[in-house]
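A.B. asks: Take a look at the letters that make up each chain.
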Amino acid sequence: KQEVTQIPAALSVPEGENLVLNCSFTDSAIYNLQWFRQDPGKGLTSLLLIQSSQREQTSGRLNASLDKSSGRSTLYIAASQPGDSATYLCAVSPGGGSYKLIFGSGTRLLVRP
Amino acid sequence: DAGVTQSPTHLIKTRGQHVTLRCSPISGHKSVSWYQQVLGQGPQFIFQYYEKEERGRGNFPDRFSARQFPNYSSELNVNALLLGDSALYLCASSLDSFRNIQYFGAGTRLSVL
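Residue numbers (this note's numbering), protein chains in the order written: chain U, 1 to 113; chain V, 114 to 226.
Don't take each hint at face value.
Below, in silico cross-link-like pairs of lysine to any residue (SDA-like), each with a Cα-Cα straight-line distance of 25 Å or less [claimed, not checked]:
| id | chain 1 | residue 1 | chain 2 | residue 2 |
| --- | --- | --- | --- | --- |
| 1 | U | Lys68 | V | Tyr216 |
| 2 | V | Lys165 | U | Tyr31 |
| 3 | V | Lys126 | V | Leu223 |
| 4 | U | Lys1 | V | Gly169 |
| 5 | U | Lys42 | V | Leu226 |
| 6 | U | Lys1 | V | Phe177 |
| 7 | V | Lys143 | V | Arg180 |
| 8 | U | Lys68 | V | Asn190 |
| 9 | U | Lys1 | V | Lys126 |
| 10 | U | Lys42 | V | Asn190 |
| 11 | U | Lys1 | V | Leu223 |
| 12 | V | Lys143 | U | Gln51 |
| 13 | U | Lys42 | U | Lys1 |
| 14 | U | Lys1 | V | Val225 |
Everything labelled a hint here was simulated from the structure, so no lab data went into it.
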């Protein structure tokens, strides 16, 4: 059974700091991995999607890496800003014709001005 | 272009009642998935429909049911509501099976009293 874990559960950093959020999964047979952002009480916004054949994806100040063999992904946020404060969720798609996503519990990020 | 729209945004029900939640996918998207997100946790997969057929079902009781209409919109029905059904219900749509980027709506907040 695929399980997704995110560490740390919460993180507080001063503005401008570079930071790394971690995601691990137990079964390496994934189709892809996505990182989402969720603001309090809101829906999810897709940040980056990494196909199983890819090693990383970049969008602006965000960079996500994927190491399938070790069951790990990291989301790197450069030069953090207060507007980055949100919960960050990673999710894996097990593939096999299924669209379902299996989520971690998220990392709550607070960027202090 | 309109994103994924969900209605209603908030709902208050009492135990034992029935509820219907609605979702309109992004135009051209044929897949709709439903997720339940309890406070402080990641979303849990409930159902996925593709081209009006159920493609997957999560570990939820038979009180939960869904359907997809010819226009690809979808309804999630929950019967005999329990206090534990209180959650944010999220709908996601996706275009195809290759890229599988999930686009989420803002969700319906259900409170069961």
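A.B. asks: Run the distance test for U/Lys1 versus V/Gly169: straight-line Cα separation, threshold 25 Å.
C.D. replies: Cα-Cα ~15 Å, so holds.
A.B. asks: Given the hint that U/Lys1 pairs with V/Phe177, does the C-alpha gap stay at or below 25 Å?
C.D. replies: Cα-Cα ~22 Å, so holds.
A.B. asks: Keeping to a limit of 25 Å between CA atoms, is the pair of U/Lys1 and V/Lys126 held or broken?
C.D. replies: 34 Å, violated
A.B. asks: For the pair we were handed, U/Lys68 and V/Asn190, check the Cα-Cα distance against 25 Å.
C.D. replies: 37 Å, violated
A.B. asks: When you check the alpha-carbon spacing of V/Lys126 and V/Leu223, does it fall within 25 Å?
C.D. replies: 8 Å, holds
A.B. asks: Is the hinted pair U/Lys42 and V/Asn190 satisfied, with a Cα-Cα distance of at most 25 Å?
C.D. replies: The given pair, whose Cα atoms are some 21 Å apart, holds under the 25 Å limit.
A.B. asks: Is it true that the CA of U/Lys42 sits at most 25 Å from the CA of U/Lys1?
C.D. replies: Violated: U/Lys42 and U/Lys1 sit about 28 Å apart, past 25 Å.
A.B. asks: Within 25 Å, alpha carbon to alpha carbon, are U/Lys42 and V/Leu226?
C.D. replies: Holds: U/Lys42 and V/Leu226 sit about 22 Å apart, inside 25 Å.
A.B. asks: Can the restraint linking V/Lys143 and U/Gln51 be considered satisfied, given a maximum Cα separation of 25 Å?
C.D. replies: With Cα atoms ~21 Å apart, V/Lys143 and U/Gln51 stay inside 25 Å; holds.
A.B. asks: Going straight from one Cα to the other, do V/Lys143 and V/Arg180 come out at no more than 25 Å?
C.D. replies: 13 Å, holds
A.B. asks: Can the restraint linking U/Lys1 and V/Leu223 be considered satisfied, given a maximum Cα separation of 25 Å?
C.D. replies: 29 Å, violated
A.B. asks: Just to be careful, I want the Cα atoms of V/Lys165 and U/Tyr31 compared with a cutoff of 25 Å; is the pair within it?
C.D. replies: Satisfied, since the Cα-Cα distance of roughly 23 Å is no more than 25 Å.
In this structure, the earlier hints numbered 8, 9, 11, 13 and 14 are contradicted, and the remaining ones agree with it.
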